[in-house]
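**Q** Note that this note's numbering has the sequence shown beginning at 250, numbered continuously upward.
In case anyone wonders, no lab produced these hints; they're calculated from the structure. Just so we're clear, the structure is a prediction, and the values are computed from it rather than from any experiment. Virtual Cβ for every residue (Gly too), placed ideally from N, Cα, C. Worth double-checking, as some hints may not be accurate.
Said to hold, decoys possible - Taking lysine to aspartate or glutamate and the EDC-like style, the derived pairs with C-alpha atoms no more than 16 Å apart in a straight line are:
| # | residue 1 | residue 2 |
| --- | --- | --- |
| 1 | K472 | D503 |
| 2 | K462 | D487 |
| 3 | K315 | D326 |
| 4 | K324 | D304 |
| 5 | K462 | D448 |
| 6 | K517 | E531 |
| 7 | K257 | E565 |
| 8 | K324 | E389 |
| 9 | K472 | E507 |
| 10 | K472 | D487 |
| 11 | K462 | E389 |
Unchecked claim - For each label pair, taking beta carbons as the anchor points, the in silico distance ranges come out as:
| # | residue 1 | residue 2 | range |
| --- | --- | --- | --- |
| 12 | K324 | V582 | 15 to 25 Å |
| 13 | E382 | R580 | 46 to 56 Å |
| 14 | L367 | E565 | 38 to 48 Å |
| 15 | R331 | K472 | 33 to 43 Å |
| 16 | A552 | R583 | 16 to 26 Å |
| 17 | R502 | G550 | 38 to 48 Å |
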Amino acid sequence: SLPPETRKEQARLFNSRIPPAPKDDGSAGKGRRWKREAESAAGSGSGYDVLVASDAVGMGLNLEIKRVVFSTTEKFDGQARRELFHSEILQIGGRAGRFSSSTGAFGGQVTSLHEEDLPVIAEAFEQTLPPLERACIRPELSTLEDFARALMDDWRHSATPAAPASLKRRFQIESDSDADGPPSLNAVLSSFQELHTADDGMFFLTEAIDEMKEVAEVLEGIKLPFNLLFTLCIAPVDSSSPAQATALRNIARDLMVEGRAPLLRNIKTYRGVPSTALQLREAEQCHGALELYVWLALRLGSASLPDLEMARQLVENSNGLIQQGLNRITRKVRTNGEHSTGRDVHQHRKERRQRRAELRQAADSLREGGGGRLR
């Protein structure tokens, strides 16, 4: 994903294609004149007349959007590909013609790239969203510390030959010789997930626990105080990114061995302007590692992470390189005329029709069987 600074710059360029809206003084003619000027400015201005974005566009960027076009009504949510919830469609589509925007006075339009998606979008806008019925809860550090202390007694018992097999499995202890330390943070989080109770009618445990466990796996074997490990696990890090995962483990290892983690010894910096999508992705990952260092330095202090100002400067430089690379790649795409061919679009539509047919067949089977609920 692009750094926040780059996303803001892209939004600024997109917004700058439209002149400021006139003040509402009751003059209909002035509004019509502004509309004509805005439409003509779309062909000049910054030249950024179309903004391509993920579903994150619905999360609060101030955008002067007149029309939202859905390229698909499906998304991969980290576990499976699914259709967008009605609330997500409303959140994204609602960016068009917002009241606070210059285009709001003339209304917004929402449509789709593929005709078969229109009924899904229309259904979302026609229905009233149900009220929230449950709230998400996340354990705080103090809660997990108390839970970990309680687990310590279980861990000591699990290290004995008489310990139940289920307790040994929880801490992955096969014999006394394997029990050389307390349960890891990953084991604490897994046990909390397994043993917690909540009023299912009102609350549910946050899925952020799974993200924390993924980061805890990266830190497996690092011996640090529990509160420090907790801070590392809630850091803004993409554990699937090799650059960020490596940076986090290097920082944690230095903190364990020396008590401080210099920047240049732990973070790989990207040099040069990216000229391909692959290079841009690598630059983004390195940028994320630098932002991780800044985030940790602000929380752990200069005694632990001494190079905050250097990291901030490198973040700024990295953002500039990514912006230049994005412009370079955009120009290359425009020059080469790279775009999806008619055959690609036809194949995409064919696959979507097939998936929808499979979903309908599964729903019919459930209804005929009289059991279960399709979710």
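**Q** Need the list of violated hint numbers for this structure, in ascending order.
**A** Checked against the structure, the hints that fail are numbers 3, 5, 8, 10, 16, 17, while the rest are satisfied.
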